[in-house]
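Residue numbers (numbering that gives the first Met the number 0), protein chains in the order written: chain A, 0 to 257; chain B, 0 to 338.
Keep in mind the hints are simulated off the structure, nothing from the lab. Treat the hints with care, since some could be wrong.
What the hints assert, rightly or not - With beta-carbon atoms standing in for the labels, derived distance ranges:
#	chain 1	residue 1	chain 2	residue 2	range
1	B	Glu121	A	Thr256	46 to 54 Å
2	A	Pro220	B	Arg334	53 to 61 Å
3	A	Lys206	B	Ala337	22 to 30 Å
4	A	Lys206	B	Leu127	42 to 50 Å
5	B	Ala54	A	Lys206	34 to 42 Å
6	A	Asp124	B	Glu121	55 to 63 Å
7	A	His203	B	Arg200	31 to 39 Å
8	B	Trp218	A	Ser243	56 to 64 Å
9	B	Glu291	A	Glu159	38 to 46 Å
A quick note: this is a predicted structure, and the numbers were derived from the prediction, not measured. Backbone N, C-alpha and C define an ideal beta-carbon position, used for all residues, glycine too.
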Amino acid sequence: MSIASIQVSETPLVLYALRRADDALILGHRLSEWCGHAPMLEEDMALANMGLDLLGQARELYSYAAEVEGKGNDEDKFAYLRDVRQYRNLLLLEQPNGDFAHTMVRQFFYSGFADLYWRAMMKSDDAILAAIAAKSEKESAYHIRHSSEWIVRLGDGTAESHRRAQSAIDDLWAYTGEMFEADDSEWALIEAGVAVDPATLRSHWLKTVTDVVGEATLSLPKNDWMQQGGRSGRHSEHLGHLLSELQSMPRTFPGATW
Amino acid sequence: MLYFDLVLGRSAVYTQALNASDAEDRYIEDADRSAQFQARIDADDRIEPNDWMPAAYRKTLTRQISQHAHSEIVGMLPEGNWITRAPSLRRKAALLAKVQDECGHGLYLYAAAETLGTSREELVDLMLSGKAKYSSIFNYPTLTWADIGVIGWLVDGAAIMNQIPLCRCSYGPYARAMIRVCKEESFHQRQGFEIMLTLARGSEEQKAMAQSALDRWWWPVLMMFGPPDKVSQHSDTSTKWKIKRFSNDELRQKFVDATVPQAYYLGLTIPDPGMKQNESGNWEYSAIDWSEFNAVLAGNGPCNRDRLAARRKAHDEGSWVREAAQAYAEKRKSRKAAA
């Protein structure tokens, strides 16, 4: 191992697993930033708990990507020795924690998707992805429950919490479209029954989101412009800072075992 | 079902019920009752929340259990400082799980303290205002990854040494909380030792990192056992009431004796050149700098201000969230009543 970033042979299946692993790692990292700073102890535990679930998902997916790639990479090399342009996570998940409403809305948008996604992926023709999906779905079911309860509580709580929840929805909405996109590299996997077409999940997701947001007395933005780029390594400015923190140790002490 | 309605409702209702149940005679001290109480203690009976107890017993336990709880919560900060920088995903997951456990320990302990009649909110306010203390050790900074190993190995090691006897403490809720805490804590301690072992078997840079962490944490860890027996202000009654089963110095000695061989196994040097083993096999350590301990307890350690500031910031910036949850719970209740 050296300080230089690794090269990855991005076959469609490797790339596919890395994208989902990056999603889980980056969101898990964001949640872990809350540790010790949450509005109440119960929430400190819940955020750490969800972060830990996501970190576990990331590790399984990286390990699978490493196995498929077969080039001697492993979970830590994928996590610590790829640069911003090599990361493939959704833009939504690298957005800063902001206030508690921003964190919960980000969680709500993503876990609403992840829950449907993992449930569908349990039927994947790829036995490993199906097994990872079966485990992840149990966790995402908890995450969507927790975050949607908070959306309702914040939206239908006080005037201030309502205002903050609405502004989080308005700020993050443009990053939700990317969850439902698939590019050419994914189409081969979708046609082979390995992956699901995320576009097929959109209407169900939109119904859940609309229902919860409605119950919360909040509303979805009229603006339908959607940002994209995370899947191909064109990120927001936030990711570089996140990675410089995440990767500082292995990049300072190349080749060390911890 | 929104779990939070239950959580928010609980502490206030629970403690009010306890306060109201026998408010009349709860605080009346009388010689017969005191003697009966001491007889129960002497017979190794467990005292339970609804039992009569001397006001001073209640007070000292409330102080000790709540400060123990505060320590778990403030203790999340020095380790939390490294979660985003942990050097491998395996270490990151273990650290995140550990810090989550500490928060859980804080919750058990606040629940145990509340059985004595003071609400968690009041206890937390005392900590945030600087009137209640937390363990002196968490006022030291985590400067390198090796500090995370040392905290697991030594800080948790010292905590276990302190807590194992508390599993037999006379107050039932505290003793039961300690049994649960010790099980999880000993797992963390082994993880910490394993971090140290990996560093000690690693590169020269890693070994130096491990040694530097041990050098910086050794004396503060010995101070975790509290002042020497001859000046410890709470010891006499705590021993009589079987809250405390061993003296500060006894526990400190046990800890040193257990730790020296571990340091030797790691190939690390304890930063006490005067240390020597006596004829009975105990390791005699040099004089502790109690002026540093007193400075840290008085708020003048390296991180006291940062730690309290971080907890106050979380509390203040979270108030709108707690208010929202409360407001929503009330709306929901009144809607249900109207339906």
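So, going through the hints one by one against the coordinates:
1. The hinted range of 46 to 54 Å is satisfied by Glu121 of chain B and Thr256 of chain A, whose Cβ atoms lie roughly 48 Å apart.
2. The supplied range of 53 to 61 Å is broken by Pro220 of chain A and Arg334 of chain B, whose beta-carbon atoms lie about 28 Å from each other.
3. Judged by the Cβ atoms, the range 22 to 30 Å given for Lys206 of chain A and Ala337 of chain B holds: they are separated by roughly 28 Å.
4. Lys206 of chain A and Leu127 of chain B have their C-beta atoms about 43 Å apart, which keeps the hinted 42 to 50 Å range intact.
5. With their beta carbons about 59 Å apart, Ala54 of chain B and Lys206 of chain A fall outside the hinted range of 34 to 42 Å.
6. Judged by the Cβ atoms, the range 55 to 63 Å given for Asp124 of chain A and Glu121 of chain B holds: they are separated by roughly 58 Å.
7. The given range of 31 to 39 Å is broken by His203 of chain A and Arg200 of chain B, whose C-beta atoms sit roughly 51 Å from each other.
8. Taking the beta carbon of each, Trp218 of chain B and Ser243 of chain A are about 34 Å apart, not inside 56 to 64 Å as hinted.
9. About 44 Å separates the C-beta atoms of Glu291 of chain B and Glu159 of chain A, a value consistent with the hinted range of 38 to 46 Å.
The structure fails hints 2, 5, 7, 8 (numbered hints given earlier, in ascending order).
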